[in-house]
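Asker: The chain contents come next:
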Amino acid sequence: MDKHERWRGLFSHPDRLERWQAFARGAEKKIGAFLQFDPQLALADSASGGAPAANPLAGVPFGVKDLIAVRPFRLTCGSRLLKDFVTPYTASAVQRLQARGAVVVGKTNLDEFGMGSSTENSALGRTCNPWDLERVAGGSSGGSAAAVAAGIVPFALGTDTGGSVRQPASFCGVYGLKPTYGAVSRYGLTAYASSLDVIGVASKTVAWAREAFQAMRGIDPRDHSSAEYRPHQRAASGPLRVGVLSLGKGQGGVALDPAVERVWSRALKELPKLGFVLQAVEIPSLEYVVSAYYVIACAEASANLARFDGIRYGRRAPQAENPEELVRLSRSQGLGDEVKLRILLGTYVLRSGFQDQYYLRAQRVRTRIRQDFDRAFAGVDLVLLPVFPCPAFRRGDQGMDPFTQKLSDIFTCSANLAGLPAMSFPAGLEAGLPVGLQFMAPAFGEELLFEACTTFEKHFPSPDSPLYDAGWGG
Amino acid sequence: MHSEDLHVTAQLARLELSRDEEDRLEKAVSQMLEHFAKMKELDVEGLEPTTQLALENRLRDDSVAEVPDNREALLKNAPELEDRLIVIPNVL
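Chains A and B are the protein sequences, given in the same order.
For the first sequence, position 66 matches number 66 in this note's numbering, and the numbering has no gaps at all.
For the second sequence, position 90 matches number 90 in this note's numbering, and the numbering has no gaps at all.
Bound-form chain B, shown alone (with noise of 0.2 Å):
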């Protein structure tokens, strides 16, 4: 993998890489790649992708469900709180 491809993929990924992490990390990324191209020798010619596993298709009723209420535990989870709203920094 070209390191222009590392940077497009780490900012689709929403990562930030150093310098010592991007050399490493590009050799890893690469070896990986290389061992996939593995797959390219079976023939899966007419082969339906497995994309799930689960045997039957459930479906939820429409009907309204109770909820515990932990609002409060969820809010002490916030990093930053401004009374009961999340703080971010500037959008714009």
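Just chain A, with the same shape it has in the complex (with noise of 0.2 Å):
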């Protein structure tokens, strides 16, 4: 059965449906992509169930980080705070694909608050990669891309704050979309950083992260940072213009690994062939993106994370004496390692003294990095970057330190600062490992990203992973 059709109207065909159940049961078994997986929880809750069959979302099974409000699951974020919260509605972005017919089987894992690379800061489930047990699927949607490469859904919603979408799709070897800022409603989602938090999709197929991206996108009166959804219009037809970024000069230190070298250099050879016109593009500021983004990102945080105080939702610290204490001792058991580094950098680049060397200087380098990527594309419709340094990593990795994997975010996190959309292909194997490349484009491009990956995937469709099967579609 074609790649697409077994997954239509899953839920109304009850002999597919069981099969495919008996297979994601097995394959979460070995990957544990999951914090909750209950195919049937949310459909009687849902308007799934009301759309025309007709639809190409209907009946399409689909995963949703738990960072993402969806009635009635629990909304965990990751976190021993929130192990036990259930959420009272759900997120505009999830209400807008139910209406479409498509249902939501799970809550992914991912590292707490959507803060991390490998979904090792999750606090509540381990995740692994389908391609390789031993090692990350990425994060900190890793839950999400591990759950689309191992075949138990089609797509399923991550988030992108610095890379969070992109990055665990390419350990994956799926697609990763991470949308123009203000393009998806944020409404049910869990802040993070809010002036860079945007709900993204990991898929199977571009054609999936276009479908789930075109239910979702446009203004939502719950969310005042949503805006209106105007496709960008390329100034010139004919072929697409991508800008290479050269690589070499201002990473800050990092380094591109072999495999990742090569999975370039091959991409710079066959996207000619695909009709793609390559040009050269600097971005100078490159090398301060992610001392700008940490700043901007933990001060955010720092704000919004002061919520979660134990007092009306969340677990609470059972021995506090006084009202203070409960939410300190709270904060404190509740929170993790990684989540605490972030509250405190904020904390502190906010305090009186400090402001304008840290927070001011950061938003001014951000304005450095927009005017960077507006200059760039007055001369191209996209820039091709690699996604990581390096393929997926093993679980506890002595060179991937917590440190080594904030650098590592350099070609991510200008996206989000820029506002600017862009999506990860699976791009090659190397020694069995799946590695991504990305294109960027200018803001409401989603459509030329579509087209880009979409010529790209008919020559190199994304690789099938190990646990991979579609045989219960008979």
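Honestly, the hints are just simulated from the structure, not real lab data.
We put the beta carbon where it would ideally sit given N, CA and C, even for glycine.
A portion of the hints provided could be inaccurate.
Unchecked claim - For each label pair, taking beta carbons as the anchor points, the in silico distance ranges come out as: (1) B:A65 <-> A:K83: 47 to 53 Å; (2) A:K30 <-> B:A65: 43 to 49 Å; (3) A:H4 <-> B:H2: 36 to 42 Å; (4) A:D257 <-> B:Q31: 21 to 27 Å.
To be verified - Anything over 10 Å on all C-beta distances counts as not near chain A; from chain B, calculated: (5) S3; (6) E4; (7) R14; (8) R19; (9) D62; (10) V64; (11) E82; (12) D83.
Now that you have both chains on their own, put them together as the hints suggest.
Answerer: Dropping the structure here:
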């Protein structure tokens, strides 16, 4: 059965549904992509049943990162503090997919509150990479990418604050879309860094990402940072012009792994054969994006996460003698190391006396980054960059400590700082591990990303992981 | 970062750090602050700071909106209740 057809109307075909569930549960046991997996749970609560069967998303199962609210699932954010929190409502982006008949089958694992690059910062579960169970799935939307790569769902929602959809997509050999800032409503998304966060999609084919994005996009009265969707128009017709990031200098000491380098060079040879016109572009501010990104992300996180106090909801420290102590102990016991680190950093850079040196300067660097991309897009339709300096690394890899992981966000976080859309696509396999590259586009240029990725996909479709099995489709 | 600075910051962030955490986090915070210093190399004189990316400032109509009544669901998440009131330790 066709890659897409077997998913359609799954919930109205009991035999096929049963075969899929058996496969999904078996694969899930091996990789632990989900924190909650219950295909029937949301069905009764949502409007999924009412959509016309002809809708391409009708009856299609999908996963949702557990940073996004879906009733009646718990909303844990991968945190001890919210382990038992049951959300009273469903995110707008999810509702829009449900209105087209798609069915949420579970909540996927993540780095706590979206903070990390390996999903190892989840306090509630361990996710393995379907290509090699000893390796991480990437992060922070690691569960979503792994679930897609294992063939459990055709697409899953993630969130991307500095690369959190694109990087796990690269590690797992699937597509990863980070939309334009404001293109998708964030009502129901737990805020990490509000000027950077977007809801995105990990998917097995470009078509699924496009289908899901088109369903979700557009203004939402419940999110005032959401925008009317006005697609970007190319200035000229003809072949797509791709600006290729000049690698080598200004990468702040981050070197590409030979595997990524090989995939990169091969892509540069293949793309012209597929009709793309390549030219070199420079992004001089790239060297400073990681610093600016972490100052801004942590500052915003320290404010956003101040709400978790153990008073109205969440795990409360049992032994507090007064409200002050209750808040302090609940936070200290409920939050993990990486989250504490980012809250401390954010609090520090916002302290009086330090603001100019860190936060204000980072915001100015951010302006420079935006200008660099504006300049680049004056001459090209898309920019091509690596996603991450290396393929999926081993769990507990000493060479990949939390600091090195942060430096490695260099290629992904500029899209968030500039608010631009970007899509990672599987570009090759090296020693049995997938490697992704990414296209970036001007604001609201998602269609250009889909067009470019589809052209590449026709010749180089996403590879099937060893766990991937379509046999249940009949 | 000095440990005194870390203490003040932790206090402002409503976090209590164990001895062990203090050691780990002091190192990690310092490492990041050193990296932040890199931004000094870039000339940003005269650049407006980017504070947010929204294209336009949208205002909400001043009208009563219908909101779903999920009071019960919200109360169910409270760690400790007495009737319909959330219990906290004594303030005084």
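Asker: With reference to the structure, classify each hint as holding or not holding.
Answerer: Now the hints, each set against the structure:
1. Between B:A65 and A:K83 the Cβ separation comes to about 32 Å, which falls outside the hinted range of 47 to 53 Å.
2. A beta carbon spacing of about 46 Å between A:K30 and B:A65 agrees with the range 43 to 49 Å that was offered as a hint.
3. With their beta carbons about 59 Å apart, A:H4 and B:H2 fall outside the hinted range of 36 to 42 Å.
4. Distance hint check for A:D257 and B:Q31: the Cβ-Cβ separation is about 22 Å, which falls inside the suggested range of 21 to 27 Å.
5. At roughly 12 Å from the closest C-beta of chain A, the C-beta of B:S3 stays outside 10 Å, upholding its exclusion from the interface.
6. With a least beta-carbon separation of about 12 Å from chain A, B:E4 lies farther than 10 Å from that chain, consistent with its non-interface assignment.
7. Listed as outside the interface, B:R14 is inconsistent with that label: its C-beta sits roughly 5 Å from the nearest C-beta of chain A, within the 10 Å cut-off.
8. For B:R19, the non-interface assignment is confirmed: its Cβ lies about 13 Å from the closest Cβ of chain A, beyond the 10 Å cut-off.
9. Residue-level check passed: B:D62 sits 14 Å from the nearest beta carbon of chain A, beyond 10 Å.
10. With a cut of 10 Å on Cβ distances, B:V64 stays outside the contact zone with chain A, its closest approach being about 14 Å.
11. Non-interface call for B:E82 relative to chain A: holds, since the shortest CB-CB distance, roughly 14 Å, exceeds 10 Å.
12. No Cβ of chain A comes within 10 Å of the Cβ of B:D83; the nearest lies about 15 Å off, and the non-interface call holds.
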